[in-house]
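Asks: Residues per chain are reported as follows:
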Amino acid sequence: MSLARLRALYEHHWWANRTLLDVTATLGEARAAEEIGRQFSEPSLRRMFFHVYGVDALWLARWQGVSPTTIPDEPATLAELEEQWTRLEREQQAFLDGLREPDLDRVIDFRLLSGKAYRQPLGLLLHHVPDHGTHHRSEIATMLTTVSGSPPGTGLARFLAIRSGQDSQ
Amino acid sequence: MTPAELYSYHRWANRRLFDVAAALGEEACGRAVGASFSFPTLLRTLAHLYGADWVWLARWKGQPTGALPGGDIPSMAALRATWDPLVAEQQVFVEAVTPVDLGREIHYKDTAGRPYHTPLGVLLTHVVTHGNHHRSEIATMLTMLSGSPPDTGIVTWHRAVTGQLKT
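Top line first, the protein sequences correspond to chains A and B.
Under my numbering, think of the first position of the first sequence as 8, with each following residue one higher.
Under my numbering, think of the first position of the second sequence as 109, with each following residue one higher.
Simulated from the structure, these hints should not be mistaken for laboratory data.
What you are looking at is a predicted structure, and each value in this text was computed from that prediction instead of being measured.
The beta-carbon is built from N, C-alpha and C at its ideal position, and this holds for glycine as well.
Accuracy of the hints is not assured; some may be wrong.
[Unchecked claim] Distance windows between CB atoms, simulated:
(1) A:Arg-113 <-> B:Pro-258: 26 to 36 Å
(2) A:Glu-87 <-> B:Val-195: 39 to 49 Å
(3) B:Ala-204 <-> A:Thr-93: 16 to 26 Å
(4) A:Arg-170 <-> B:Ala-204: 21 to 31 Å
(5) B:Thr-206 <-> A:Arg-113: 32 to 42 Å
(6) B:Ser-146 <-> A:Ala-40: 20 to 30 Å
(7) A:Ser-171 <-> B:Thr-219: 38 to 48 Å
(8) B:Ala-140 <-> A:Gln-100: 40 to 50 Å
(9) A:Pro-109 <-> B:Gly-142: 13 to 23 Å
[Stated by the list, open to error] Some residues of chain B that are not near chain A, with every Cβ distance over 10 Å (derived):
(10) Arg-123
(11) His-156
(12) Trp-162
(13) Trp-168
(14) Ala-186
(15) Ala-189
(16) Gln-199
(17) Pro-258
(18) His-266
Full structure from sequences and hints, please.
Replies: Structure, rendered in structure tokens:
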């Protein structure tokens with residue numbers, strides 16, 4: 008996958024996160040913190056968003072040669088999380104802007120939070136983060152459907168149709 | 109990552125969850141587990157993945173499409189028998205894709221008949237992302253029915269195929 012295509016995946020990732028965050032924000036902080044179901048990876052909407060944010064932050068650090076041993080502190084509110092997230096997106100953008108095509112084959116040595124060591128190419132890891140987001144956004148969509156109603160689609164095809172002017176917002 | 113590698117991952121992830129679901133039996137796969145999901149049962153969700161992959165492959169080949177097929181597949185066994193030939197056909201297609209093909213504009217109509225055009229490379233990524241969305245639902249459904257299934261992320265796939273992980 009080319010760097011241009013990976014960058015487009017991140018634009019989709021940021022847009023999709025924002026679309027679902029906006030829907031969740033309209034429900035209010037109390038609703039966002041409510042436990043919805045133990046079958047989900049995280050029990051509440053706010054914790055699920057925090058997980059996506061936290062994993063994005065972990066991977067960005069690993070790509071830059073640092074393997075954190077703890078996840079970032081969890082903000083108390085969805086509003087605070089959104090603020091932190093905007094800063095993280097800028098850092099992700101700056102990292103992507105600094106890459107050249109051959110960097111995608113560079114092997115990253117990193118450790119999981121558990122300490123287990125892996126070696127995987129940067130291009131694959133860059134692909135993984137938006138994929139990971141899609142997995143949890145699917146859960147968020149199911150949670151939102153449960154508490155209020157089905158949210159707008161955040162699929163890649165819809166994003167591209169909007170961005171290329173073939174669909175309205 | 110090449111389209112061939114990406115679809116090797118897609119096939120692995122689909123198969124991993126299909127096999128966990130199938131092991132629960134036809135009754136469990138046909139049981140409605142929640143109205144909040146895109147489809148109420150494991151069978152219908154997996155059949156939707158088949159149907160969407162079928163429609164996109166036809167669009168990439170410039171063939172006319174209507175509604176997604178697979179909505180009336182009655183069992184997991186029938187789904188497997190219908191899906192396997194598509195998996196093989198999709199693999200042949202993606203393994204023949206060249207870098208130049210990735211930029212080729214595909215003109216297609218969605219299921220409502222609206223026309224769109226999008227580069228093939230983007231659509232190849234979309235089908236896998238679409239799969240991830242529904243595989244997430246399948247994972248939640250399996251958690252409700254029996255227990256959390258094995259991970260199907262692309263990083264886990266890569267660890268498996270490079271011998272960094274035992275599967």
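Asks: For each hint, tell me whether it holds in the structure or not.
Replies: The hints, checked one at a time:
1. Here the CB-CB span from A:Arg-113 to B:Pro-258 is close to 29 Å, well matched to the stated 26 to 36 Å.
2. Distance hint check for A:Glu-87 and B:Val-195: the Cβ-Cβ separation is about 45 Å, which falls inside the suggested range of 39 to 49 Å.
3. For B:Ala-204 and A:Thr-93, the hinted distance range of 16 to 26 Å is not satisfied, since their beta carbons lie about 42 Å from each other.
4. The given range of 21 to 31 Å is respected by A:Arg-170 and B:Ala-204, whose C-beta atoms sit roughly 28 Å from each other.
5. B:Thr-206 and A:Arg-113 have their C-beta atoms about 25 Å apart, which leaves the hinted 32 to 42 Å range violated.
6. Here the CB-CB span from B:Ser-146 to A:Ala-40 is close to 25 Å, well matched to the stated 20 to 30 Å.
7. Range check, A:Ser-171 to B:Thr-219: about 19 Å between beta-carbon atoms, so the 38 to 48 Å window is missed.
8. Taken as a hint, the range 40 to 50 Å holds for the pair B:Ala-140 and A:Gln-100, whose Cβ atoms sit roughly 43 Å apart.
9. Distance hint check: the CB atoms of A:Pro-109 and B:Gly-142 are about 46 Å apart, inconsistent with the given range 13 to 23 Å.
10. With a least CB separation of 17 Å from chain A, B:Arg-123 remains clear of the 10 Å interface cut-off, as annotated.
11. Non-interface call for B:His-156 relative to chain A: holds, since the shortest CB-CB distance, roughly 13 Å, exceeds 10 Å.
12. Non-interface call for B:Trp-162 relative to chain A: holds, since the shortest CB-CB distance, roughly 16 Å, exceeds 10 Å.
13. Residue-level check passed: B:Trp-168 sits 13 Å from the nearest beta carbon of chain A, beyond 10 Å.
14. Listed as a non-interface residue, B:Ala-186 keeps its Cβ farther than 10 Å from every Cβ of chain A; the least gap is roughly 26 Å.
15. Taking the minimum C-beta to C-beta distance to chain A, about 27 Å, the non-interface status of B:Ala-189 holds against the 10 Å cut.
16. The non-interface label for B:Gln-199 is consistent with chain A: the shortest C-beta to C-beta separation is roughly 18 Å, beyond 10 Å.
17. B:Pro-258, annotated as away from the interface, keeps every beta carbon of chain A farther than 10 Å; the closest lies near 13 Å.
18. Remark: the non-interface label on B:His-266 conflicts with the geometry, its nearest Cβ contact in chain A lying 5 Å away (cut-off 10 Å).
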